[in-house]
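Student: Residue strings, one per chain:
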Amino acid sequence: MGVGFSAKIGGVLLFAVGLFLFLPTVLYLVVTMLPTAVALVVDRSASRAGWLCVGGLNFAAGCPGLFELWFEDGSLEHATAMISDVFALMMIYGAAALGWLIYMTTPQIIGTFMQMTSDRRIARLKAQQKKLTEDWGPEVGHDVD
Amino acid sequence: MAAEKDSVKEGAALAGMAATGTGPTVALKDRFDIFYETPLPSLDTPNATAYAAEDKRQKGRALFALVVTGKMPARVQVMKHLRGVRTPGLMGLVEWGVVEWPPLDAVRVALIYEQPLGGRVMTSLTETIRPITDQHFVKNILRPLCVALGEMHNHGVTHRAIRPTNMYWTDASQSRIVLGDCTTGPAAMDQPVVCEPIESAMCNPEGRGVGGYDDDFYALGVTMVMLLVGRDPTAGLGELEIVTRKLHHGSYPTLASDLRLPLNMIEVLRGLLADDVGQRWDFEQADLWFNGRRMSPVQARPFKRAQRAFVFMNQEYLAPRHLAHAMANNWDRAIPVVLEGKLEIWLRRGLEDNQLADQVAMGIRNATAFGEGNTSAVKDVALANVLIVLDRDAPIRYRELRAHLDGIGGVLSAQMIRGKDTRLVTDLIMRDIPKMWLGVREKFSPEFVQLTSTYKELREHLQDGMRKGFGLERCLYEMNDNQYCLSPLVSREFVLEIRDVLPVLDKLAARMDSKGNPLDRHMTAFIAARFPKDIGPQLLALNEDAPKRSTLGMLSLLAVLQWRLGPEAVHGLCGWVGGLIGPVINSYQSRERRRSLEQEVPRLVRKGSLPELYNFVDDADERKADFDEFQRARAEWAMTQQQIHAMQAGKVGADKNAERNGQRVAATGSVGVGIVTTVIVLMGYLL
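Those protein sequences? They're chains A and B, same order as listed. If you're matching positions, the first sequence starts at 1 in UniProt numbering and goes up one per residue. If you're matching positions, the second sequence starts at 1 in UniProt numbering and goes up one per residue.
Hints were generated in silico from the structure; no laboratory data involved. Every residue gets a Cβ at the ideal spot worked out from N, C-alpha and C, and that includes glycine. Heads up, a few of these hints could be off.
As the list claims (entries may be wrong) - Using C-beta positions, here's what the derived DEER-type ranges look like: (1) G94(A) with G672(B): 15 to 21 Å; (2) L21(A) with G672(B): 27 to 33 Å; (3) P102(B) with P138(A): 52 to 58 Å; (4) R44(A) with M683(B): 34 to 40 Å; (5) E544(B) with E134(A): 24 to 30 Å; (6) A16(A) with M683(B): 28 to 34 Å; (7) K29(B) with P138(A): 29 to 35 Å; (8) Y685(B) with S45(A): 47 to 53 Å.
To be verified - Here are the computed lysine to aspartate or glutamate pairs in the EDC-like style, where the Cα-Cα straight-line distance is at most 20 Å: (9) K131(A) with D628(B); (10) K548(B) with E68(A); (11) K130(A) with D55(B); (12) K130(A) with D534(B); (13) K131(A) with E352(B); (14) K130(A) with E592(B); (15) K456(B) with D358(B); (16) K126(A) with E636(B).
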């Protein structure tokens with residue numbers, strides 16, 4: 001409990017220092033990575049990996065703006081202008097939405113694939129049994145559960 | 001007897017001339033032609049029909065054929081002995097064998113005899129003929145007949161059909177007499193009661209058994225009396241009355257005391273008609289007499305009489321034997337008398353024979369051991385035992401059944417052939433009455449030991465009655481050496497010996513329903529009784545409930561027969577059996593092996609070898625291989641089934657994994673895209 005509490009205090013202090021030292025960057029990330037934070041909060045899936053999936057694409061869409069802020073104009077005004085650009089925000093949030101969509105659909109695709117493999121295996125085993133029955137009669141399977 | 005009666009006219013017509021046949025013929029042993037459309041009723045016997053016959057090698061020889069058309073078994077063993085025997089007093093049996101008999105569309109036994117030319121001596125016992133007063137009676141008639149009996153006895157066979165109606169004048173001048181056929185029916189079955197000794201006369205006709213030489217000489221004595229006086233001295237008397245008179249007065253007094261017989265004949269007739277077997281003349285004594293030795297006439301031995309009479313049905317009896325005879329003929333009334341103990345008291349006090357009384361008590365006690373809760377059975381057995389004790393020489397008497405020990409088989413045979421009730425015979429054997437009869441013999445004989453063991457086996461066969469190869473049918477063939485097989489399958493054939501079985505079945509195969517089993521109850525019992533080797537395992541398999549085992553048992557039994565006795569090939573039977581071995585082939589588990597067997601069977605069938613067929617379908621190595629491979633296949637099937645179960649049971653878990661894996665894959669991919677994009681953008685700024 002002590003460690004968790006210290007980490008939280010450390011996080012808050014780090015955020016306060018970061019806010020003071022890198023305000024444009026922090027502001028940009030807070031606004032653009034909002035879908036990832038939401039995903040982290042609302043995700044109730046078994047793997048709890050929704051935020052990673054959303055966050056990966058969310059960050060991929062937001063990183064050009066971040067590097068522009070770092071390498072070209074790191075002013076607060078520029079940061080404010082970027083987060084006010086609706087088109088850019090729609091791109092970033094759209095990427096996050098795509099991440100969520102991928103997160104929702106991939107398990108179903110994987111599940112369908114795995115089931116297909118299993119059915120084929122069972123069919124092959126049953127065919128093997130049928131061959132045995134043809135060769136030895138139904139008695140070959142008597143008294144076998 | 002009826003045939004004999006009907007034959008008088010033809011007999012007269014035939015006298016003096018040999019019958020010549022016309023029309024189609026059947027050949028016996030490629031030598032003798034039998035004219036089956038030329039019957040000779042004057043020469044018929046009760047169980048056989050006479051036809052004209054001809055010797056192809058010796059035309060003009062006076063012959064006739066007797067064809068066994070009746071159902072009673074012929075004495076084939078006696079035929080074997082008498083074939084070719086030439087003696088003046090015996091109708092010569094020239095040849096015998098089996099022939100295809102067109103009138104019945106069946107195979108029958110046929111005998112070729114030298115034809116007597118003077119006709120039958122008496123056509124019926126009610127007839128009166130001219131008494132034979134020939135001064136050479138002894139030389140021309142009696143002596144040849146005695147010599148004929150002596151000759152038969154040298155061959156170890158009895159005649160048992162000596163009666164005036166079965167004697168023929170050999171020539172037209174009627175100077176010599178021959179004994180007629182004795183082989184076409186069971187021994188003594190057609191003998192009139194008057195011609196039989198007391199003990200044999202008490203029997204049912206079928207139960208007289210083969211008898212002994214003394215029975216033949218007795219019958220000869222009776223016949224001589226009839227020829228000398230020209231009639232039956234007991235004509236008009238019932239059979240029971242004849243037996244009773246003989247029993248009470250003796251045979252000679254009953255038959256001859258009131259007759260005017262030549263004085264020189266009295267001694268020989270007394271000797272031949274002696275009721276005591278020990279005193280009765282045989283060939284040696286008769287021969288001595290023929291050669292001039294004269295002895296004092298045989299006198300009947302006095303029997304033991306009681307001090308006071310036993311009253312049964314208002315008749316007084318002084319001798320146990322007479323009382324036993326009366327009781328046997330009044331069965332139901334005798335039972336209470338015996339069971340109440342009056343008889344035992346009379347034996348102790350009236351007859352003063354404690355040993356006999358003890359035996360009677362023992363007989364009653366023994367009966368209770370076989371009661372099986374059935375009181376009427378106990379009573380019947382008790383009375384049968386008591387009658388055996390009271391008259392040791394009499395036949396076994398059990399209700400209506402009266403038979404000597406060697407005649408019980410004859411009774412069984414007759415009852416089965418006639419389709420009548422055999423219960424009395426079954427009861428008699430099952431209740432061990434023969435053991436009682438053997439137990440009261442005064443003198444030991446090794447034959448009794450054998451009989452005891454035989455009847456023990458017969459009881460076991462009856463106890464196993466439900467199984468093929470046992471039961472009443474087995475008893476029938478065990479007790480009757482001359483009994484042909486009564487199986488309905490071979491009703492048109494003649495199966496007398498074990499060697500006949502396979503050839504006849506092979507012949508039948510062409511016209512039989514191929515789905516029928518060649519081994520029915522009669523056929524199996526016949527084989528079991530006649531086959532000299534142990535076939536217990538085959539019978540055991542044959543009686544299994546499982547079709548595979550029973551079919552294999554059937555095939556195995558037939559294969560053993562062919563292996564031991566031949567013939568080399570039985571193609572028809574092989575085909576028949578080959579069509580029935582489906583269950584054996586199906587007993588192999590491997591379908592491939594079955595197909596291979598089915599393809600191979602026709603080739604073996606064409607070879608006609610049952611042993612090869614058996615060895616092929618029941619090959620031990622193949623069986624073992626089939627079993628081992630089947631076990632492996634079962635194990636494989638079970639393992640596969642387990643895998644299927646495991647996969648089906650694991651589906652729910654597989655779905656959960658799929659979700660988790662899918663989410664991880666999506667997250668990994670997304671993070672990967674993020675990193676790659678970051679690196680690319682970063683490199684755009686740095687480079």
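Student: Next, verify each hint and record whether it holds.
Tutor: Verification of the hints:
no., hint, in the structure
1, G94(A) with G672(B): 15 to 21 Å, "19 Å, holds"
2, L21(A) with G672(B): 27 to 33 Å, "31 Å, holds"
3, P102(B) with P138(A): 52 to 58 Å, "55 Å, holds"
4, R44(A) with M683(B): 34 to 40 Å, "38 Å, holds"
5, E544(B) with E134(A): 24 to 30 Å, "29 Å, holds"
6, A16(A) with M683(B): 28 to 34 Å, "33 Å, holds"
7, K29(B) with P138(A): 29 to 35 Å, "60 Å, violated"
8, Y685(B) with S45(A): 47 to 53 Å, "36 Å, violated"
9, K131(A) with D628(B), "18 Å, holds"
10, K548(B) with E68(A), "93 Å, violated"
11, K130(A) with D55(B), "75 Å, violated"
12, K130(A) with D534(B), "46 Å, violated"
13, K131(A) with E352(B), "90 Å, violated"
14, K130(A) with E592(B), "15 Å, holds"
15, K456(B) with D358(B), "25 Å, violated"
16, K126(A) with E636(B), "12 Å, holds"
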